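Based on these hints, arrange chain B on the given structure of chain A.
Chains A and B, in that order, are what the protein sequence lines are. Each residue of the first sequence is one higher than the one before, counting from 1 in my numbering. Each residue of the second sequence is one higher than the one before, counting from 1001 in my numbering.
If you're looking for bench data, these hints aren't it; they were derived computationally from the structure. Possibly wrong hints are sitting among the right ones.
[What the hints assert, rightly or not] No farther apart than 30 Å at their CA atoms in a straight line, the calculated lysine-lysine pairs in the BS3-like style are these:
1) B:Lys1024 <-> B:Lys1091
2) A:Lys25 <-> B:Lys1165
3) A:Lys98 <-> A:Lys25
4) A:Lys116 <-> A:Lys97
5) B:Lys1091 <-> B:Lys1105
6) A:Lys25 <-> A:Lys97
7) A:Lys174 <-> B:Lys1381
8) B:Lys1105 <-> B:Lys1165
9) A:Lys139 <-> B:Lys1358
10) B:Lys1105 <-> A:Lys25
11) B:Lys1165 <-> B:Lys1095
12) B:Lys1095 <-> B:Lys1105
Just so you know, these numbers come straight off a predicted model, no measurement behind them.
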Amino acid sequence: MFSNTLFLASALLTIGGAIAVVYSKNLMHACIYLLASLFGVAGLYACIGADFLAATQLVVYAGGVVILMLFAIMLTGGTSNKINRYGLEKIPAMGNKKTFFTAGFAALVSAMIIIKILLPVFSVNKVTTLSANESSVEKIGTLLATDHILAFEISSVLLLGALIGAAVISRPRKEIHD
Amino acid sequence: MNSTVVSYFSQSNELTSLIAGLSKLLGFDASSLVAFIIFAIFAGIIVAVMATIGGLGTYAERKISADLQARIGPNRVGPFGLLQFLADGVKMILKEDIITSNADKFTFNLAPVLCLVGVFATLAVVPYSSGFMLADLNVGIFYLVGMASLVGVGVFLGGYASNSKWSMLGGMRGASQIISYEIPATLSIIAIVLLAGGLSMKTLINGQGGAPQDWYLFHNPFAFMGFFVYFISALAETNRAPFDLPEAESELVSGYHTEYTGMKFGLFALAEYIEVFVVCGVAVALFLGGYKVPFDLGSGQILVEKLGLDGMIAQNIGQFLELGSFFTKTLILYYVVIWVRWTLPRLRVDQLMTLCWKYLTPIALFNLIGCAVWMYAFNGKSIFTLLFHAAASGGGHH
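Isolated chain A, as found in the complex:
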């Protein structure tokens, strides 16, 4: 009962938020809808008992990513009018007949592949019981430090690269006089 309600609420939040992001004309509003959608995803994680993942979703996306996106939008000018100051339309019509046809075909193919993959998931093992109080934190920690140590290290190298890149970009450039 409770988990069903939670699932329905989070799924609605996720999908509704995502649709609102796409249909919103205002970038700032789209970002807020994205926040709602990400909260919904956190709720979905909580539904399947991945409590740590849900909390991480909140910390990383609500706390970090959305604020950074808001910053970026604001610094690059997230105004609501569709025409910029030079009189050009900011959101041009995307594509022509050829691109629409290609995109439709690609969507069809990928949908069939996804259905093919997901079919056994729906047909077999419908019921999985959740142990209510089993924490996933320790398991995730152990797995990260043993089996997936390579991925862990590679992601830390990536973050280090991003950090150095940010430092290089934001550093005041020295003018060379001779």
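Same frame as chain A, now just chain B:
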């Protein structure tokens, strides 16, 4: 859930018989319905109590600042001016709700709500006593950090949506300050998580004892430093002085809530005061022994043995002692926060960022590694245990 208000009450016989009666009456198993009702009642109580604490916070702020500045402070409404916050609330509600014509209305209305939601959502895992907490999540403290970051979004959006330069500067400062200071605060929290070996609030508090030498504050020198790092970062995260740059009156009029009137402004203020309480509560839970009462009075075992009380009554008395312990420590820290605000001058923006990135973050990292090394080297024993052992063995050699 493992240990919440509901599971605490389900220990009593009356509730079990009530559930049985209701099940017979309604024709289905009423235990989840009763659990839901208990949960709803206590959620209501907590929200009401916290709103009152937030309101009384404004009163305390004025009264303490008045004391520090040799004034009298509010003294007209009610005894000692205690009802001043109610008068303020009535004033806020009755005021005209102005939305500036160039404001982004949707975001403008959403921002104070986001602030309040972020703060109230954290209340679910604050451990008031061993029986009186709404949810003991396995990832309690992590959830709290995540939810508290919604406040940053609220502050930023409030500044952006007002479409005023002061608000904009305040909002930008607020958001950058909150995400910067989250880092040392979270690193200090992680150090304590390392000592306790778990993220749930219950685990964190059960690792400590009632007496000060059992607190994580005095567990080792690194945790001791970590407390101050956490406290300073928490002050900055809640935008309190000396870090109240987002609302610096002398530069920005009132910062991100310059354009807000009436109850929307009130919601921002309420969220700030409740967040201060939550942050102090977390500091108490992590470093100052949480709700633990000395001599294990909280579980009521001693009362049963010595006074021959009924088990449930003794437990209830223990719960009240624990509530008293938690609230006393938290409110003392609350006092310190207000005291600091009216004592120290405000920092500059560059000083603020320097303090965070060049001092607090390295110190917090050092503390984290120090705690890890301590746990490894001394097998998780606290410094007092080691000293007592040394003293005992030293005495044996005589």
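Does Lys97 (chain A) lie within 30 Å of Lys25 (chain A) when you go C-alpha to C-alpha?
Roughly 24 Å between the alpha carbons, so the hint for Lys25 (chain A) and Lys97 (chain A) holds.
Restraint check for Lys1165 (chain B) with Lys1095 (chain B), where alpha carbons must lie at most 30 Å apart:
holds (24 Å)
Restraint status (C-alpha distance of Lys1105 (chain B) to Lys25 (chain A) at most 30 Å):
Holds. Lys1105 (chain B) to Lys25 (chain A) sits at ~15 Å (cutoff 30 Å).
Does the structure keep Lys174 (chain A) and Lys1381 (chain B) at a Cα separation of 30 Å or less?
violated (52 Å)
Need the status of pair Lys1024 (chain B), Lys1091 (chain B): alpha-carbon distance at most 30 Å?
This hinted pair is violated, its Cα atoms lying about 50 Å apart.
Has the given pair, Lys1091 (chain B) with Lys1105 (chain B), been kept, meaning a C-alpha gap of at most 30 Å?
Given that 30 Å is the threshold and the Cα spacing comes to 23 Å, the pair holds.
Holds or violated: Lys1095 (chain B) with Lys1105 (chain B), Cα cutoff 30 Å?
holds (18 Å)
Verify the proposed pairing of Lys25 (chain A) with Lys1165 (chain B), using a straight-line Cα cut of 30 Å.
holds (24 Å)
Going straight from one Cα to the other, do Lys116 (chain A) and Lys97 (chain A) come out at no more than 30 Å?
This hinted pair holds, its Cα atoms lying about 29 Å apart.
For Lys139 (chain A) and Lys1358 (chain B), compute the direct alpha-carbon distance and say whether it is at most 30 Å.
violated (34 Å)
For a C-alpha distance cap of 30 Å, please report whether Lys98 (chain A) and Lys25 (chain A) respect it.
holds (26 Å)
Decide if the proposed pair is consistent with the structure: Lys1105 (chain B) and Lys1165 (chain B), CA atoms, cutoff 30 Å inclusive.
holds (17 Å)
Figure legend: structure checked against the earlier numbered hints; hints not met, in rising order: 1, 7 and 9.
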